[in-house]
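Protein chains in written order, with our numbering: chain A, 1 to 410; chain B, 1 to 165.
To be clear, the hints were calculated from the coordinates, so they are not data collected in a lab.
Any given hint might turn out to be false.
[What the hints assert, rightly or not] Cross-link-like lysine-lysine pairs, in silico, DSS-like; alpha carbons within 27 angstroms at most:
#, chain 1, residue 1, chain 2, residue 2
1, A, 69, B, 157
2, A, 309, A, 113
3, A, 387, A, 113
4, A, 365, A, 260
5, A, 365, B, 94
6, A, 196, A, 104
7, A, 309, A, 365
8, A, 113, A, 260
9, A, 104, B, 157
10, A, 104, B, 9
11, A, 113, A, 69
12, A, 264, A, 69
13, A, 260, B, 94
14, A, 74, B, 23
15, A, 317, A, 330
16, A, 69, A, 365
17, A, 319, A, 104
18, A, 69, A, 317
19, B, 94, A, 104
20, A, 319, A, 330
21, B, 94, B, 157
22, A, 260, A, 69
23, B, 94, A, 264
24, A, 309, A, 330
[Stated by the list, open to error] A short list of chain B residues far from chain A (calculated; beta carbon distances all over 12 angstroms):
#, residue
25, 15
26, 18
27, 27
28, 72
29, 87
[To be verified] Pulled from the structure, derived: some chain B residues nowhere near chain A, Cβ distances all over 12 angstroms:
#, residue
30, 41
31, 53
32, 80
33, 91
34, 93
35, 154
Yeah, the Cβ is synthetic: ideal placement off N, Cα and C, and Gly gets one too.
Spelled out from the first residue to the last, the chains are:
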Amino acid sequence: MNPGTPIQIGTPLLEASPAVGSHDQHMILNMGPQHPAMHGVLRLVVEIDGEIIVRLYPEIGYLHTGIEKTCEAKFYHQVVPLTDRLDYLSPMANNLCYCLAVEKLLSLEIPEKAQWMRVLLAELTRLNSHLIWLGTHAMDIGALTVFLYCFREREEILRIFEGLSGQRMMTSYIRIGGLAMEPPLDFFDRVRGFIKSFPEKIDEYSNLLTGNPIFRNRLQGVGILSAADAVALGVTGPNMRGSGVDFDLRRDMPYSGYEKFQFKVPIATEGDCWARYVIRLQEMRESVGMIQQALDGMPEGEIKANAPKIVLPDREKMKTQMEALIHHFKIVTEGFAVPAGEVYQGTESPRGQMGYYIVSDGTAKPYRVHFRNPSFATLQAIETMCKGRMLADVIAVVGSIDIVLGEIDR
Amino acid sequence: MSQNTLIGKAAVLEGLREHPAIKAILAWNSTALLDAKFDRGELTLTIAAGQIRAAAATVQAAGYNFFEDVTAVDWFPSSSRFHLSYHIVSHTYKERIRLRVMVDGNAPAVESITTVWPSANFYEREVFDLFGIHFEGHPNLRRIMMPDEWQGHPLRKDYPVEGYR
Numbered sequence: 001m002n003p004g005t006p007i008q009i010g011t012p013l014l015e016a017s018p019a020v021g022s023h024d025q026h027m028i029l030n031m032g033p034q035h036p037a038m039h040g041v042l043r044l045v046v047e048i049d050g051e052i053i054v055r056l057y058p059e060i061g062y063l064h065t066g067i068e069k070t071c072e073a074k075f076y077h078q079v080v081p082l083t084d085r086l087d088y089l090s091p092m093a094n095n096l097c098y099c100l101a102v103e104k105l106l107s108l109e110i111p112e113k114a115q116w117m118r119v120l121l122a123e124l125t126r127l128n129s130h131l132i133w134l135g136t137h138a139m140d141i142g143a144l145t146v147f148l149y150c151f152r153e154r155e156e157i158l159r160i161f162e163g164l165s166g167q168r169m170m171t172s173y174i175r176i177g178g179l180a181m182e183p184p185l186d187f188f189d190r191v192r193g194f195i196k197s198f199p200e201k202i203d204e205y206s207n208l209l210t211g212n213p214i215f216r217n218r219l220q221g222v223g224i225l226s227a228a229d230a231v232a233l234g235v236t237g238p239n240m241r242g243s244g245v246d247f248d249l250r251r252d253m254p255y256s257g258y259e260k261f262q263f264k265v266p267i268a269t270e271g272d273c274w275a276r277y278v279i280r281l282q283e284m285r286e287s288v289g290m291i292q293q294a295l296d297g298m299p300e301g302e303i304k305a306n307a308p309k310i311v312l313p314d315r316e317k318m319k320t321q322m323e324a325l326i327h328h329f330k331i332v333t334e335g336f337a338v339p340a341g342e343v344y345q346g347t348e349s350p351r352g353q354m355g356y357y358i359v360s361d362g363t364a365k366p367y368r369v370h371f372r373n374p375s376f377a378t379l380q381a382i383e384t385m386c387k388g389r390m391l392a393d394v395i396a397v398v399g400s401i402d403i404v405l406g407e408i409d410r
Numbered sequence: 001m002s003q004n005t006l007i008g009k010a011a012v013l014e015g016l017r018e019h020p021a022i023k024a025i026l027a028w029n030s031t032a033l034l035d036a037k038f039d040r041g042e043l044t045l046t047i048a049a050g051q052i053r054a055a056a057a058t059v060q061a062a063g064y065n066f067f068e069d070v071t072a073v074d075w076f077p078s079s080s081r082f083h084l085s086y087h088i089v090s091h092t093y094k095e096r097i098r099l100r101v102m103v104d105g106n107a108p109a110v111e112s113i114t115t116v117w118p119s120a121n122f123y124e125r126e127v128f129d130l131f132g133i134h135f136e137g138h139p140n141l142r143r144i145m146m147p148d149e150w151q152g153h154p155l156r157k158d159y160p161v162e163g164y165r
């Protein structure tokens, strides 16, 4: 096949993919892209023999917006709001990864308070993301109540984010060189209040689900992924740790001051949907502990790096200092040049290993930005997890691997 | 960054003599290592274009067990137009390396590493779709993001960001 030639229109998907034996009695079923349990616009082409899955094939790209191409036409600081739109359920995790990558290119030192705030926000984002996962996953299985409880707690996180950044979801609060602005006066009290009551809420979810025989039967032994398969198929994060691979970038390759925090990395060896459920519940408890540590140990100081040519000045300084006004004008109209080079920054997003690869040619716009998003790779493992199982298990598996189509299609 | 920068094969081989990936690559085929760079704490090893599958298998055997990502960069209009960056993490050494392959712009093609890491499947399809680089031996090389009937490869530098092509 010539790289330039398009594939024949109308080639059946399963014909185009690797050869299968005779499938005369098999039925091909499309799940999605408009299916309520597909968590966005995911289309799964399923070949079934009765109710048993013979082959399963994810077809993606329905949300492809060419964000990587758009980034090449933007200044470095204009890319931050675009990263929110990748994994729209955990925007701060995306902001953080991008900003760390650019700061690595710039060799920019970030003040300690900004680093601690970033950890706090990243963990709050993890809670936010895991709450949505738990709510929608339980709802897919049929436990509707949990969904409402999860969104009740998520609402408080979103209100905290709104107070912080003015936006509930697309926060763009973590910026190159630090944070967008000082957190509001009531921020720490609100987070403290939330964290105080949250462990009870996790117990509440656990009471509703862990002992529930329907929930258990739908998850235990379903969607098994071995440790070897997890590594071979690029699965990361809670899904990989649910298969017994003990690796977490926060602990093993720390960034943004994570090495100063004490936390356990939950591991399970079963590799089934139940293990992934247990792991994420434990991760929420660990995140609560880390947010508590961040609140208790929050250092005093600046929240922006001392780099006037890179970091936008405060509004007040702009009104009183000529230099600040000039810098603001320059950054907004011309951006800032970033030294030529390439970096890859990996972070542990709520869904797994996120990695942003940025190539700079020395100008004010990135030459190439590539997003390695965890869900994209996780989707490759879905066939391994579902093969030989019943069709209804696909719903449990898709719910348990916690994918977001925004970051898959980009 | 506190780490010093090492540019060029000789400097990296001198400065990072004990690095497990470099040792493995040299023990396998020292001529396949064309260039090396250690910059901002990241090691880049440039591998000869026809050798990437064997090089991937070599670093995998050396403990770099987790394939994270492969993507391309278009340096249009320079002669070796594309470079491919493979990011590989070691769970043992808790470290990441980057393998680099330079690809010619005329009928660009490179070996697929899906036999070494099946997880490269989607990533190679993405590079094929958006850059038009052909991966030889890939089990299912079809467009992944764009519609099957799409003409052109959007992430190439000669493809406009907006407007008509």
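Now for the hints, and whether the structure bears them out:
1. 69/A to 157/B: holds, 9 angstroms
2. 309/A to 113/A: holds, 21 angstroms
3. 387/A to 113/A: Not OK: residue 387/A and residue 113/A at ~48 angstroms, beyond 27 angstroms, violated.
4. 365/A to 260/A: Roughly 34 angstroms separates the two Cα atoms, so the pair is violated.
5. 365/A to 94/B: violated, 31 angstroms
6. 196/A to 104/A: violated, 35 angstroms
7. 309/A to 365/A: holds, 15 angstroms
8. 113/A to 260/A: With Cα atoms ~13 angstroms apart, residue 113/A and residue 260/A stay inside 27 angstroms; holds.
9. 104/A to 157/B: OK: residue 104/A and residue 157/B at ~25 angstroms, within 27 angstroms.
10. 104/A to 9/B: holds, 23 angstroms
11. 113/A to 69/A: violated, 33 angstroms
12. 264/A to 69/A: violated, 38 angstroms
13. 260/A to 94/B: Roughly 18 angstroms separates the two Cα atoms, so the pair holds.
14. 74/A to 23/B: violated, 40 angstroms
15. 317/A to 330/A: This hinted pair holds, its Cα atoms lying about 15 angstroms apart.
16. 69/A to 365/A: Within the cut-off at roughly 12 angstroms; holds.
17. 319/A to 104/A: violated, 31 angstroms
18. 69/A to 317/A: Given that 27 angstroms is the threshold and the Cα spacing comes to 35 angstroms, the pair is violated.
19. 94/B to 104/A: holds, 19 angstroms
20. 319/A to 330/A: Measuring from Cα to Cα gives roughly 16 angstroms; hence the hint holds.
21. 94/B to 157/B: Roughly 35 angstroms separates the two Cα atoms, so the pair is violated.
22. 260/A to 69/A: Between residue 260/A and residue 69/A the Cα gap is close to 37 angstroms, so the pair fails against 27 angstroms, i.e. violated.
23. 94/B to 264/A: At roughly 17 angstroms apart (the allowed maximum being 27 angstroms), residue 264/A and residue 94/B satisfy the hint.
24. 309/A to 330/A: holds, 8 angstroms
25. 15: Its Cβ never comes within 12 angstroms of chain A, the nearest being 18 angstroms, so this holds.
26. 18: holds, 19 angstroms
27. 27: Since the minimum Cβ distance to chain A is about 23 angstroms, residue 27/B lies beyond 12 angstroms and the statement holds.
28. 72: violated, 8 angstroms
29. 87: Violated, since 5 angstroms does not exceed 12 angstroms.
30. 41: violated, 8 angstroms
31. 53: Consistent with the label, residue 53/B stays out of reach of chain A, its closest Cβ about 15 angstroms off (over 12 angstroms).
32. 80: holds, 15 angstroms
33. 91: The assertion about residue 91/B is violated, with a minimum of 5 angstroms to chain A.
34. 93: violated, 10 angstroms
35. 154: Per Cβ check, residue 154/B is inside 12 angstroms of chain A; nearest 6 angstroms; violated.
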